[in-house]
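Can you make the complete structure from the sequences, with help from the hints?
Protein chains in written order, with our numbering: chain A, 1 to 124; chain B, 1 to 332.
Where hints are given, some of them may not hold.
Listed below are several chain A residues computed to face chain B (Cβ distance under 8 Å; list not exhaustive) [said to hold, decoys possible]:
1) 39
2) 86
3) 91
4) 93
5) 101
6) 108
7) 118
8) 124
Straight-line Cα separation of at most 30 Å, DSS-like style, residue types lysine-lysine; simulated pairs [to be verified]:
9) A:95 x B:41
10) A:95 x B:198
11) B:41 x B:198
Take a look, some chain A residues computed to stay more than 10 Å from chain B by CB distance [unchecked claim]:
12) 46
13) 51
14) 55
15) 71
16) 72
17) 115
By construction, these hints were calculated from the structure, which means they are not laboratory data. In this text, all values refer to a predicted model and were calculated from it rather than measured experimentally. Ideal Cβ placement from N, Cα and C applies to all residues, glycine included.
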Amino acid sequence: MKERKFLTAPEAIALGALVLALILWLCWPKGTGGQAVLTRSGEELGRYALDTPCRVPVRGAAGFSLVLVVEDGAVHVEDSTCPDLICQHHRPISKMGEAIICLPGQVTITVEGGERLGQDAVSG
Amino acid sequence: MRKLWCLLLGLVLLSGCAAGSRTTTIFAMDTVMDLTAYGPKAQDALELAQDEVDRIEALISAQRPGSDLYAVNAQSDVTAPTVVAQETADLLARALALGEDTAGALDVTIYPAVEAWGFYSGDYQVPDAQTLEALKARVDFRQVTLDGTQVFAQGHKLDLGAVGKGYAADRIVALWQGMGLTSGLLNLGGNVQCLGAKPDGSDWVIGIRDPADEGGTLCTVSGTDMAVVTSGGYQRNFTQDGVTYHHILDPHTCAPADSGAASVTVIGPSGLTCDALSTALFVMGPDRAAEYWRQHRDFDLVYYTQEGELWYTAGLEGRLTLRDGLEGQMIP
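This is how it looks when you write it as structure tokens:
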């Protein structure tokens, strides 16, 4: 009777690949390389790496507009035409979970990835 | 060998499921809402939540034609009742009871004052003294009565904005619990509500915004199954002739509450109650708010004054972490 090997060559290769994929998935540095996620009326418009400076004109709802600015590893808003300018007065954000919201223009900018904020949400 | 493959495959699938969460952003109730649900039913939970927010807004928005409140406010015969849904009547009854309990610091008949200041339309203006006097006669929740689903508003116009988001959060949490969800996080325009604990079993950590620093926080509160609701004059305001006027109106003066509060955060199990009390205790000012808490003690409180003093209740001991350099005092 032919003796059955514990692993055939193809099985060994497949198992090795699976284990390697698992190790990579578990060890991959999640949370590094933060990016700003831009949405309008709940629809995602774009993603911008926080380590790459850029200026993005955004046309919001109800005719309001603003400019998303990424610089110095953070994102902020300039040149908003909304009436209350809360978005423009918000300080630059860079940590995962932080957000800038322009309610009149229904625009949100949230940070995904990067350093974690010490809180899950902010009341106020 | 086959068992080994099954085990590895199971591990891979499980690792994917454990991390399963879904988040959505909704613009509704004149604010922005972030909803996060965890678990295999997360996507269904978010869709259910969005439908529920839309349904509640259609029912109780004072501004939306077709809503129950719009019908009450449009009632031309001041002696005639307006029939509303049982749910609206129940919510109104709770709001009226909270009005009574807070000695009118919360008043659902504040609508004409909010309108006069332009906080509905965004066309802000400062009413003159004569207008304010006239408004006071139109703001009195005790004139509103309920008989089953019949609302007798007697010409008073209603606004459930001080309890609407809290009620919506309570409803979403109840629906999610009914689906078997054990973990979720809602942020309805600053009204934060947590279902259960975080997926890893640890407490949620909720920041409380610094009124003087957009994007900054005063402190964090940790816990599970809690609502954390903040009212502050910074949330909506306008400046005219160098004076800033905020949106939290004192029903007794029909003008922005000048109580000494910069922000008031109420923490408790009910989103509706926390929502209502954060407004009412802001209007009351720190001394009356502390007295109200002593008489009830079924919620917790972080009270931040315009002088930069932070007061908190005993139930937050061990759960409150203050920002570096900020000192807090426990309410005796």
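Results for each hint:
1. 39: 6 Å, holds
2. 86: Check passed: Cβ of residue 86 (chain A) comes within 7 Å of chain B, closer than 8 Å.
3. 91: 4 Å, holds
4. 93: Check passed: Cβ of residue 93 (chain A) comes within 6 Å of chain B, closer than 8 Å.
5. 101: 5 Å, holds
6. 108: 6 Å, holds
7. 118: 7 Å, holds
8. 124: Holds: closest Cβ of chain B sits about 3 Å from residue 124 (chain A), inside 8 Å.
9. A:95 x B:41: 28 Å, holds
10. A:95 x B:198: 19 Å, holds
11. B:41 x B:198: 16 Å, holds
12. 46: 15 Å, holds
13. 51: Correct as stated: the minimum Cβ-Cβ distance to chain B is 20 Å, above 10 Å.
14. 55: 20 Å, holds
15. 71: Since the minimum Cβ distance to chain B is about 16 Å, residue 71 (chain A) lies beyond 10 Å and the statement holds.
16. 72: 15 Å, holds
17. 115: Given a closest Cβ separation of 15 Å, the condition holds.
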